[in-house]
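Peer 1: Chains as they are written, first to last, in full-length UniProt numbering: chain W, 1 to 712; chain V, 1 to 712.
Just so you know, the hints here were simulated from the structure itself, not pulled from any lab data.
One or more hints might be untrue.
Which copy is meant is left open, so a pair is good if it fits within one copy or across any two.
Using 30 Å as the maximum straight-line C-alpha spacing, the simulated DSS-like pairs for lysine-lysine come out as follows [said to hold, decoys possible]:
(1) 663 - 64
(2) 549 - 467
(3) 215 - 698
(4) 463 - 549
Protein chains: 2
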Amino acid sequence: MTATSDRRATTSGAPVTSVDAPGEARVDVDELSSLLLGRWADLRAAARATAGEEAFWRVEGQPKEVHREHVLEQMHLLVGKQQVWRAFPERLGGANDPGGNLAGFEELVAADPSLQIKAGVQWGLFSSAILHLGLPEQHDRLLPGAMDLSVPGAFAMTETGHGSDVASIGTTATYDPQSEEFVLHTPFRGAWKDYLGNAAVHATAAVVFAQLVTKNVDHGVHAFYVPIRDPQGERDAHGALPFLPGVGGEDDGQKGGLNGIDNGRLHFDHVRVPRADLLARYGSVDADGTYESPIDSPGRRFFTMLGSLVQGRVSLDGAAVTASKLGLAIAVRYANERRQFTGASPTEEMVLLDYGTHKRRLIVPIAEAYAAHFAHDRLLDLFHSVFSGEEDTPEQREDLETTAAALKATSTRFALDTLQETREACGGAGFLTENRITSLHADMDVYATFEGDNTVLLQLVAKRLLKDYAAQFKGITPGRMARVVVERASDMALHRTPLKRAAQALADVGDVRRAAGHLRDAETQRELLTDRVESMVAEVAQALRPAQKADPETAANLFNAHQVELVEAARAHAELLRWEAFTQALSTIEDEGTREVLTTVRDLYGLSLVERHLDWYLLNGRLSTQRARTVTSYLDRLIDRLRPHAQDLVDAWGYGPEHLRAKIASGAEKQRQDEARDYYRRLRASGDEPLSEKSLRKAERATNGSSVATRH
Amino acid sequence: MTATSDRRATTSGAPVTSVDAPGEARVDVDELSSLLLGRWADLRAAARATAGEEAFWRVEGQPKEVHREHVLEQMHLLVGKQQVWRAFPERLGGANDPGGNLAGFEELVAADPSLQIKAGVQWGLFSSAILHLGLPEQHDRLLPGAMDLSVPGAFAMTETGHGSDVASIGTTATYDPQSEEFVLHTPFRGAWKDYLGNAAVHATAAVVFAQLVTKNVDHGVHAFYVPIRDPQGERDAHGALPFLPGVGGEDDGQKGGLNGIDNGRLHFDHVRVPRADLLARYGSVDADGTYESPIDSPGRRFFTMLGSLVQGRVSLDGAAVTASKLGLAIAVRYANERRQFTGASPTEEMVLLDYGTHKRRLIVPIAEAYAAHFAHDRLLDLFHSVFSGEEDTPEQREDLETTAAALKATSTRFALDTLQETREACGGAGFLTENRITSLHADMDVYATFEGDNTVLLQLVAKRLLKDYAAQFKGITPGRMARVVVERASDMALHRTPLKRAAQALADVGDVRRAAGHLRDAETQRELLTDRVESMVAEVAQALRPAQKADPETAANLFNAHQVELVEAARAHAELLRWEAFTQALSTIEDEGTREVLTTVRDLYGLSLVERHLDWYLLNGRLSTQRARTVTSYLDRLIDRLRPHAQDLVDAWGYGPEHLRAKIASGAEKQRQDEARDYYRRLRASGDEPLSEKSLRKAERATNGSSVATRH
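With the hints as constraints, model all of the structure from the sequences given.
Peer 2: In structure tokens:
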């Protein structure tokens with residue numbers, strides 16, 4: 001199925017209620033839809049078609065045991081499609097196409113987020129760890145079973161006691177030169193591996209992360225391939241094979257969502273792992289126990305190993321954007337059909353999307369979803385260029401990791417906010433499972449804290465921003481440095497005194513349109529957003545300066561005291577990335593009407609950020625109060641301008657009824673509304689309509705000549 | 001169980017990690033706990049003890065069919081406790097104690113929100129409708145079965161096509177004088193009753209709302225008592241009795257939460273209802289079909305009938321506050337025990353609650369929960385004074401309805417935000433059902449849109465604010481009016497020009513402490529919050545003035561164009577109500593240390609509102625940028641000051657492990673942390689600890705005399 005046919009499926013049989021005003025720009029939905037499929041359009045379209053096949057749908061209301069088996073069966077079906085193998089080497093049946101692989105993988109979220117994440121565990125984490133941390137010999141030996149799902153695997157990194165701080169995990173793998181084996185051991189309860197997909201029931205092997213100790217030296221975290229269940233053993237009541245000797249574990253049980261995945265815990269009691277099963281790309285141990293690594297620095301080695309697994313974050317960014325689109329597509333369709341209360345007309349009820357609050361709560365997130373979409377496209381490019389080897393430099397890797405962290409943290413937050421908002425925008429109907437949104441929210445919930453807790457990720461981003469900031473001053477002469485400081489100080493002073501504000505105010509006096517036009521200018525938006533990131537970073541850097549010469553305790557406390565600002569600066573950076581990606585994408589749109597509408601969408605996104613952070617712009621003198629006052633009213637105008645295009649904008653995402661699977665987005669609501677209106681029209685026409693007491697009393701009052709003030 | 005013993009249960013066996021600095025104020029947790037039990041302390045404590053009994057707990061992971069039957073059984077157990085009857089007349093076994101009834105009822109949310117809401121359907125809606133809309137004869141005849149649950153009932157008001165706009169429901173009840181019956185009929189699909197608790201399986205009767213038509217006049221919405229299932233019939237596979245002739249329906253199926261309630265749809269095909277079963281307090285029909293009502297105005301009659309059911313909103317406000325407290329109590333306990341990353345110490349990991357972002361994300365909501373608590377106490381007082389008849393005036397009723405709408409809308413929003421934040425603050429553990437928060441979030445989700453959609457409720461509040469604003473000018477002479485307008489305009493101008501800002505800036509120059517001290521002053525906070533509400537209302541009123549003389553269409557469009565500001569003004573009003581309630585409550589605290597800490601909590605709440613709306617204060621010249629700059633840093637100081645009291649502040653809410661029922665809030669985390677630290681301490685002491693490669697390399701570099709800049 002192509003995007004074009006998807007689009008037709010969305011709108012056919014149920015005409016969209018909103019109609020453009022004549023002469024206005026129109027979105028060419030088919031063209032936009034094609035454009036949005038992006039660089040790997042065919043792969044993405046094929047994966048989307050797969051997600052729309054009933055065999056891959058989530059069956060709501062299944063007990064977790066049934067749901068888990070259902071998803072496992074779907075995974076076997078996916079193996080048949082081989083799309084899931086694209087990232088792997090050609091000699092093993094793959095296509096060495098990491099970007100195309102992710103483009104398709106992300107689409108699975110529309111089928112069932114449990115399927116996406118369980119597939120992510122198998123092919124994105126377990127198999128990828130073998131691929132990226134293993135040697136070619138290990139690929140040949142271990143990947144085929146992982147790829148074809150004959151060996152379902154767990155990715156045993158996180159421990160109950162250590163989530164984000166992987167470097168501090170407690171599991172140890174101590175080399176024994178006598179037997180040429182590692183002894184894998186869990187020394188205490190907090191070091192149990194936890195939250196591992198596949199671990200509760202299905203996994204027969206795991207990639208286990210442990211502190212590698214040899215010759216009494218701890219070389220830090222390394223990965224080991226470890227069989228954990230006996231494939232020849234007898235299954236228990238839950239369908240699980242027996243653990244191998246020394247291995248134990250338990251089921252994480254019911255979760256807030258993603259119950260199609262059997263998350264569980266694992267622990268190891270002196271389990272022996274052959275030397276050959278240390279995934280040895282970044283560190284190996286020879287027979288007598290001598291450790292060797294192509295990367296000397298233990299710190300850099302650790303981050304390189306972890307960095308090779310960045311694709312999880314990249315794909316969560318994409319999946320989160322998709323889930324947001326699904327929620328918005330459902331809510332916008334419903335808001336375009338659902339009527340409630342009479343507004344301007346005495347008999348016709350108003351559609352929800354014409355209400356001031358409703359327009360705002362849905363159209364602003366549409367703009368953000370577009371921005372997040374284009375930013376994700378750029379991230380996918382960057383990911384592909386590094387992992388395909390097209391441009392695999394340390395700088396590109398660092399950019400990729402920073403960008404993935406920034407976007408994953410913001411888009412998963414956005415998905416949760418948007419799904420909550422869309423669910424509420426659908427009222428009681430939004431709460432019914434048949435309308436999908438609550439299930440999506442429940443499943444997406446954990447995206448905010450897994451594959452890197454969002455708060456921790458944003459700190460990583462902030463540290464990078466600080467590093468880049470400091471690098472500007474590297475090798476600078478003391479004299480030049482002094483000048484920079486003075487310039488910056490006077491710049492700050494200018495912003496903070498009423499001078500700049502006064503200038504803006506003068507320029508805008510009596511001319512609200514000029515102020516608004518100013519805001520619409522792309523360069524102004526860029527300047528406002530860029531300036532905010534740079535100023536925040538500079539300000540935090542300034543505040544953290546004493547840390548350089550302080551003792552570690554004081555430095556840590558100082559850093560902690562500025563954690564909130566650091567995270568906020570990182571968020572601002574992510575917002576700017578999205579805005580830039582959106583702006584860049586505009587130039588690729590050929591159809592003029594589409595480009596015009598999308599430019600308004602971009603403006604809406606940019607201005608919504610300025611409105612969101614208006615206090616900052618005012619506090620720091622970047623906007624005069626006169627100019628700031630126009631932000632909200634201008635935003636309202638943009639929303640009104642986009643109102644007629646709302647349905648087109650969500651249709652262009654290319655998700656049909658087979659993806660939305662929400663009764664209220666199936667045309668059922670329109671049918672009900674039409675039936676009710678027909679009923680009342682017929683009743684009025686028939687002459688049998690009862691008179692209303694209200695209008696009778698009004699008539700009575702008129703007859704008695706009594707004024708409206710008469711009380712009854 | 002008393003609150004005191006609850007409190008001991010919470011902290012016994014697991015000492016709180018935070019300790020006050022010597023000499024600082026301390027919270028007397030027991031005293032505060034007693035104070036928070038409020039006016040109906042014994043009833044509340046008894047209900048809380050009930051909620052803590054295992055028989056009333058939610059069993060997680062039950063399929064909806066099992067969960068529904070489980071909750072029904074729990075309801076029968078509740079009947080035995082008779083607390084649920086307190087609102088009913090004494091002659092029927094009640095206590096005519098509406099306030100005490102709700103105080104207890106709200107606590108059920110800690111057992112299982114499904115139980116709370118299903119109990120609310122039976123006794124708060126179905127039975128209450130009979131009580132408030134029926135005549136004494138109808139009470140005697142219909143209430144006993146409703147009260148003792150021999151007649152499980154549905155409250156059939158909402159229709160698929162009409163949620164918030166009850167006046168427009170499509171179901172009709174047309175009087176037939178021949179048989180002295182009403183003919184109850186559903187004319188189209190949109191008029192099916194929907195989302196009705198008890199309707200899918202358990203209800204054998206319903207209070208059905210329909211447009212009452214007699215003698216060809218539609219007298220608007222009235223309520224009818226209607227048997228819907230045959231108690232003598234045979235149960236189907238789902239345990240449901242057969243529908244009576246003419247009645248049909250279907251199951252709403254799985255929902256995003258509250259799956260212990262069997263929500264369903266009902267429809268009626270010319271079902272005959274005896275004249276005696278019109279609940280006739282506010283409107284009756286005599287044998288020949290003549291309609292009579294004690295309230296002449298159909299509009300006022302409608303709002304009086306609906307207003308008599310306000311207790312649902314009141315109790316949701318209380319339940320939402322309780323759910324927020326449960327989430328915070330779990331997350332704060334965990335954040336006080338969970339350690340991650342080393343901070344200031346090289347070996348000891350930091351507890352989460354010491355991190356800058358974590359402190360803020362949990363301690364600010366603690367302050368808001370206190371504010372919401374005290375505001376709810378006031379609402380309960382107001383509710384009791386009206387419904388017990390102590391002070392049942394139209395003005396009091398109007399205040400009650402406005403306050404209930406304002407607080408329900410803000411506390412249900414707060415509960416969802418807080419449960420989301422606390423779930424994320426607990427990382428992956430927060431996503432496990434065994435840690436409770438996700439289930440609470442799923443259940444509370446619908447609180448935002450049922451018993452009045454929050455957006456609609458906030459508009460009701462805004463309309464009242466506009467009405468009150470207009471009333472100020474009632475009977476005013478044109479001359480005086482002109483002066484008021486001029487004064488207001490010059491006042492506005494003063495705020496908007498740099499004059500007032502300049503004055504503040506001058507006052508604060510070089511004295512950050514003075515600016516902060518100013519913000520701490522209660523009168524300043526009150527002025528800032530009050531001024532914001534009043535100014536927003538005045539501004540919207542001004543903008544809506546042309547609507548008075550405009551045609552209905554223009555007026556409706558104008559109103560809609562300002563809907564966002566109206567809702568925002570209503571929210572500001574709710575925030576002020578909470579702040580005032582909190583401030584008033586401070587004076588009732590006898591223990592000095594407790595009062596001092598709670599005053600800081602109140603300041604934190606007040607200042608967090610100012611920070612949240614800082615853009616407004618800046619835009620409208622209420623704060624100079626100099627003064628506004630101190631808001632966040634002062635807030636940070638308040639958070640730091642409250643950090644050592646965080647555990648006490650959540651403990652004082654009086655929810656023990658039997659209410660929290662979260663493994664991570666059971667002391668298990670502390671045990672794990674202690675075990676891990678003991679392990680490492682022993683390892684270091686034993687001399688068997690492997691050397692780390694990192695420190696070896698550092699030592700190597702030092703020996704080689706190479707600088708830190710040397711790359712490995």
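Peer 1: Confirm or reject each hint.
Peer 2: Each hint tested on the structure:
{"no.": "1", "hint": "663 - 64", "verdict": "both (24 Å within a copy, 20 Å between copies)"}
{"no.": "2", "hint": "549 - 467", "verdict": "within (17 Å within a copy, 62 Å between copies)"}
{"no.": "3", "hint": "215 - 698", "verdict": "between (97 Å within a copy, 18 Å between copies)"}
{"no.": "4", "hint": "463 - 549", "verdict": "within (18 Å within a copy, 59 Å between copies)"}
Of the numbered hints listed earlier, not one is contradicted by the structure.
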